[in-house]
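J.: Next come the chains, spelled out residue by residue.
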Amino acid sequence: MTRPKAVTPHTTVIIGAGFAGLGTAIRLLQSGIEDFVILERGSRVGGTWRDNTYPGAACDIPSLLYSYSFALNPEWSRGYSGSAEILGYIDHMVERFGLLRFIRFHTTVTAATFDAAAGVWNVETEDGTAYRGRTAVMAAGPLANASLPDIRGIDTFTGVKIHSARWDHSYDFAGKRVAVVGTGASAVQIIPELAGVAAQLTVYQRTPGWVIPRTDYRTPWWTKQLYRRMPTAQRAAREGLFWVHETMALGMVWSTPLTRVIEQIAGAHLRRQVRDPWLRRQLTPDFRAGCKRMLVSNDYYPALQRPNSKLVTWPIATISPDGIRTSDGIERQFDAIVFATGFDITKTGTPFPITGLDGRLLADEWRHGAQAYKSVNVSGYPNLFFTFGPNSGPGHNSALVYMESQIEYIVRATKTIVDRELLMLDVRGHVQHQYNVRMQERLKHTTWNSGCRSWYLTDDGFNGAMYPGFATQYARQMGELRLADYVVTARSGKRSDDTEHVVELPRRRLPAVRTLERTRNARVPHR
Amino acid sequence: MALDLDAMLVKISERQWALADIDWEAPGAEQISAEQWPGLKAFMADLVWIENVGARGFAAMARMAPTETLADIYRYFHAEEQRHANAELALMKRWGMLDGDDLPEPNVNIRMAIEWLDRYADDMPLSVLGTVIPMLEVALDGALLKFLLDEVHDPVCHQVFEKINADESRHLAVDFQVLEMLGNARLRRLLIESVGKTLTPGLLIGALMYIPLLNRMRNNIVGMGLQEERLYAAMHRFKNVGERSSGTRRVPTYQVLKWHADMVVNRRHPYHLLANSMVWASDRVPARIFGPIPTWFKELTSEPVAVETLPAAVAS
Ligand SMILES: Cc1cc2nc3c(=O)[nH]c(=O)nc-3n(C[C@H](O)[C@H](O)[C@H](O)COP(=O)(O)OP(=O)(O)OC[C@H]3O[C@@H](n4cnc5c(N)ncnc54)[C@H](O)[C@@H]3O)c2cc1C
Ligand SMILES: [Fe+2]
Ligand SMILES: [Fe+2]
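Same order as they appear, the protein sequences are chains A and Y. Residue numbering for the first sequence follows this note's numbering, beginning at 1 and increasing consecutively. Residue numbering for the second sequence follows this note's numbering, beginning at 1 and increasing consecutively.
The reader is advised that the hints may include incorrect statements.
Result set (SDA-like, lysine to any residue): computed pairs, CA atoms no more than 25 Å apart in a straight line [said to hold, decoys possible]:
1) Lys176/A / Pro311/Y
2) Lys163/Y / Pro311/Y
3) Lys161/A / Lys298/Y
4) Lys310/A / Pro304/Y
5) Lys298/Y / Leu311/A
6) Lys310/A / Arg63/Y
7) Lys310/A / Asp6/Y
8) Lys444/A / Lys163/Y
No lab work stands behind these hints, which were simulated from the structure alone.
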């Protein structure tokens, strides 16, 4: 281990240059904090949207909502934009806000350790360089790691293996016999694309999901024109979409009559698009809508029914050198297998060792499921913030809406640490505990905990992923930084619980939200 | 002793086999004598379809399983029964019993079973299928397959049925464990379930379909030279295993089936008059009353490697 350089620490070390890390950077800049660094293991920004470039990759929340309110984009070409356009939006933000100079690419974080005496996080990286920050932001992404699934015989396959999140653009699928393993959010986007190209497409399904129709459209020129000239119009449209999705929570977060309505819409979609009763049965989910991520597609079912497509629902017994053998005893042979099998998610650990006060290891504490306070802080790990942390996932709304709330909270806390010369801002253990008791209690009544198996749950059925409520509720909880919930230690050594003195937080407003268009003229803070 | 279903699921996933594991061209096919051939052909055709009917039963059970583990097990069993049917078809092909690539015609009673399964099985309570399936499996495993191995000396046939029997022993273990669990479920719930849910038109029709199906099978195999006692011994086994467990005895459907089995094994019971006249009647059911054959029925194949994904040169 190399000794951290004895330079003055940054105010913030941000880990990850995806939507979360970059959004945090923008808001830090706008609140006057310019002394931070972003560590990114890849060679470019974008995270999810840099990695997921498979054919058909797109967001399934409307772009107007799947974007930052502080960086509105009037140029979205469609209702639901493709990955290239989303990546372009991210690049555009990086350029407009001059973020490149803060980013250290090819820098993989391997450990983060809190130095209590200095009130500093030491962030170690693969090449031995260490970075120091008075605060640290874990923005490494919940779905950033993908590897081939652990299916028997997978190494024996002699054809081409492609993971949806590591697409091989040099491979030509034309005329090939192709298998797609998995029928989740990525698969339903890939399948219609490949079905049109491959000679034969075979889809391996374990559990079918609910598919609702998608109302995609090309943005008419005049709308773009309007949004360019009147960001308020775009803001209003975004607001409208936001409330549409908030309403969906009534059916997707909790099991209510609206859940039945959603199931009926999905059921009607299935009946309209699939005539054969047995295929319909194979495609009918046996869990409540909302329990797993909803799938959104108009062309998935038709793609499965093309003459050159086949849906296989037998369990996979093994992968063989030539193809896939299922438990019905039959082998199907392929030139390529596409694995749309999801991501390696650490529900019960951390992607690298995170060491807090008195040497405690976060992975130990999260062994039975991740827990945090308001999804951003963990007791015993002062000055450390999480984006997309425990119980912050939306089932019905844009992840970026939630992320914005987290970012505002993180920026406000960081400002507090800087302005008040704090050594440590550490959430109180019992506050975190109470918060989680309430969280798990509320989760009991949600669709996610209604009995289906999903990546939201640990093997023990603990839900450390999803937020049981409306985005509005989440935003309200994040809108307030209650210092009373924290042990606040000043650099002078004064502790809030020694003195029972609670630091009042001035309700400072962050600079007004800006659109990309406006910031083009606004002076982006340099240096 | 309770069976550890999680361990069973692991075991099942590790014991998978494929048609490609077997050399279907190996010598020994000539062991089938000319006089054996027609009876064996009819018997194998029935067997294939019964496996397929069992498969559909497990598919329904996977939907109603109370735990994820059991649902996973039933998903495997669904596929495994299909695998048995596929392997038996491959044997038929080896013995020259298939006309080209055509599947054998299912008899009327099978067609009725298919119709019933397609219409009602998904809505049956687990206690119904959970009792009927073990009964069929015991009959298959205990009587039919053992008989087949005594009569047929083709080593490939023995190789195939060794694998099938290994699967079936796991099916039976789970079947009886589930029967036991059903019995231990709170009595009140069971009663409500059996009175309220069981006595549906679906079940009555199911019984009407099941009776001639069983008797036709019995008649077919007796025609092939199987001593009826063999089948009856199997039925007794169903009873005996069940009797050993207090839970199982408490399942109302089990009691009904046991009572039924008692009648089946009593050759002089007037039941056979009824059952055989039902076979007779079902032979006179016009084919057009059946709906189109469900597509799951056509998933059967005797080809170890699916033709649809063979390279064009090989497939043509
Ligand atoms: C195919 C797909 C479609 C999606 N569609 C939607 C949608 O429509 N709506 C929605 O709300 N959400 C969607 N999501 C969820 C999506 O993950 C989030 O919306 C969002 O992109 C997450 O951003 P992030 O910055 O938190 O993580 P990421 O985008 O994953 O960024 C994390 C970054 O951290 C870097 N990193 C990770 N570990 C280290 C390390 N040790 N050292 C240094 N750097 C590291 C990674 O390289 C990456 O660049 C989708 C996800 C996927 C995969
Ligand atoms: Fe079988
Ligand atoms: Fe069986």
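J.: If a hint holds in the structure, say so; if it doesn't, say that too.
T.: Hint by hint, here is what the structure shows:
1. Under the criterion of a C-alpha separation no larger than 25 Å, the hint pairing lysine 176/A with proline 311/Y is consistent with the structure, at around 9 Å.
2. For the hint linking lysine 163/Y to proline 311/Y, the alpha-carbon distance of about 29 Å lies beyond 25 Å, and the restraint is violated.
3. Taken as a hint, the lysine 161/A and lysine 298/Y pair is broken in the structure, with Cα atoms around 30 Å apart against an allowance of 25 Å.
4. Among the hinted pairs, lysine 310/A with proline 304/Y is consistent with the structure: their alpha-carbon atoms are about 17 Å apart, no more than 25 Å.
5. As the CA atoms of lysine 298/Y and leucine 311/A are separated by approximately 14 Å, the hinted pair is consistent with the 25 Å bound.
6. For the proposed pair lysine 310/A and arginine 63/Y, the alpha carbon gap of about 22 Å is at most 25 Å, so the pair holds.
7. Between the alpha carbons of lysine 310/A and aspartate 6/Y the distance comes to roughly 31 Å, so the proposed pair goes past 25 Å and is violated.
8. Simply put, lysine 444/A and lysine 163/Y have alpha-carbon atoms about 44 Å apart, too far for the 25 Å limit, and the pair is violated.
In summary, the numbered hints that this structure violates are 2, 3, 7, 8.
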